[in-house]
Amino acid sequence: MVKKTIRDFDISSKRVIIRCDFNVPIKDGKIIDDNRIRQSLETIEYALSKKAKIILMSHLGRIKNEEDKKKNSLEIVGKRLSELLKYPVIFIDETRGEKLDKAISSMKDGDIILMQNTRYEDLEGKKESSCDLDLAKYWASLGDVFINDAFGTLHRAHASNVGISQFLPSGIGFLVGKELTALSSLFDPERPFLIILGGSKVSDKIGLIDHLITKCDKLLIGGGMAYTFLEAEGYSIGNSLVDRDSLEFCNKILKQYGNKIILPVDSYCSTSFTNDGPKNLRDINEIEYQEMGLDIGDKTVELFEKYLKDAKMVLWNGPLGVYEFDNYKKGTEAVLTFLSKSDAKTVVGGGDTAAVANELHLAEKLYHVSTGGGATLEYLEGKELPGLKNIEEV
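Be aware that the sequence shown starts at 0, since it is given in numbering that gives the first Met the number 0, and climbs by one per residue.
In case anyone wonders, no lab produced these hints; they're calculated from the structure. Keep in mind that this is a model prediction, so the values were computed, not measured. Heads up, the beta-carbon is just placed ideally off N, CA and C, and yes, glycines get one too. Heads up, a few of these hints could be off.
Said to hold, decoys possible - What follows is a set of in silico ranges between Cβ atoms, one per label pair, in the way DEER data are often shown:
1) Val1 x Asn326: 44 to 52 Å
2) Asn284 x Asn258: 17 to 25 Å
3) Asn279 x Lys63: 35 to 43 Å
4) Thr270 x Asp216: 31 to 39 Å
5) Arg6 x Gln289: 53 to 61 Å
6) Lys98 x Asp325: 25 to 33 Å
7) Glu247 x Val1: 51 to 59 Å
Let the hints inform the model, and build the full structure from the sequences given.
What follows is the structure in structure tokens.
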């Protein structure tokens, strides 16, 4: 099943709506990480080279009140995009209306318009998030061709992706194409194929574990979810995070695939969920009742690296410790740095782990760093992504 891409359409002088993912982190009025904007450049530059009239759409944050609108305007994104393209981007502070209609009707070949945050339409009736078809039809009327290049929202059925694609000839952009190619390689991976899973809850990863446990050679588990597996194994893990609703699942998986699952053997612990509390390195069977595990320990880093050194392919989703605390990010950073120097094709499945890779400037040394967390998980679980449903096939 090969989807049409932007290359499969004659877009010269056409109005091309490109749904991007400009959902970047912003603090104190500044973009902290512009990676998602950079990842969109290839598709936009291709459309520019064909002298298309380019209409860009994206969401930013969640919009629940007027205050959210102020802090989630895409104007700042338009400025950064213009800098990166070295080309003017016209920002229109509307999601619909006379100003937007007039700007689009007067576009010349090679013009770029960025319209306001699509989720502004969520303020009254969640029209974007509920895929309101009247809104989708209006947005589709602004263009001749629709290109979905927002991988991070492919698992959402919104008016600006699924909705528009019902009313226009539709394809995918280069970013979505790269994501699907890289992630699809995990379904028939080079071996040994190892998976690293972290993050807090087992429940978030049940679908992924179920779908890929038979395909991987080893599953290395860290982060908060490791303590649920350790409790299922019979360890006393003190006050560590336990996803009690998932204990039965952990028991079942450990019985069926215990020879594949590698759990931490030591942990950095504290008596409080803070960066500044007392920090103790404990073997897994020595965690005290008032302590909680907040990062994998040094022996676990060595154990993980022992298995990873021969890997041909690695999938990683979720940090191995409480990454937002400086004292508990070392395990994640050590293993990621190790993989960046190895010959393994490492695919980082979006979310917090992708942020770590970008922060450490290691992304370019890895095989693929996904721009989507939820979309990556659902795709790897074998689910159909709503954002691809209406995209035409070659």
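Consistency of the hints with the structure:
no.	hint	result
1	Val1 x Asn326: 44 to 52 Å	holds (47 Å)
2	Asn284 x Asn258: 17 to 25 Å	holds (21 Å)
3	Asn279 x Lys63: 35 to 43 Å	holds (41 Å)
4	Thr270 x Asp216: 31 to 39 Å	holds (37 Å)
5	Arg6 x Gln289: 53 to 61 Å	holds (60 Å)
6	Lys98 x Asp325: 25 to 33 Å	violated (46 Å)
7	Glu247 x Val1: 51 to 59 Å	violated (40 Å)
Comparing the model with each numbered hint stated earlier shows that hints 6 and 7 do not hold.
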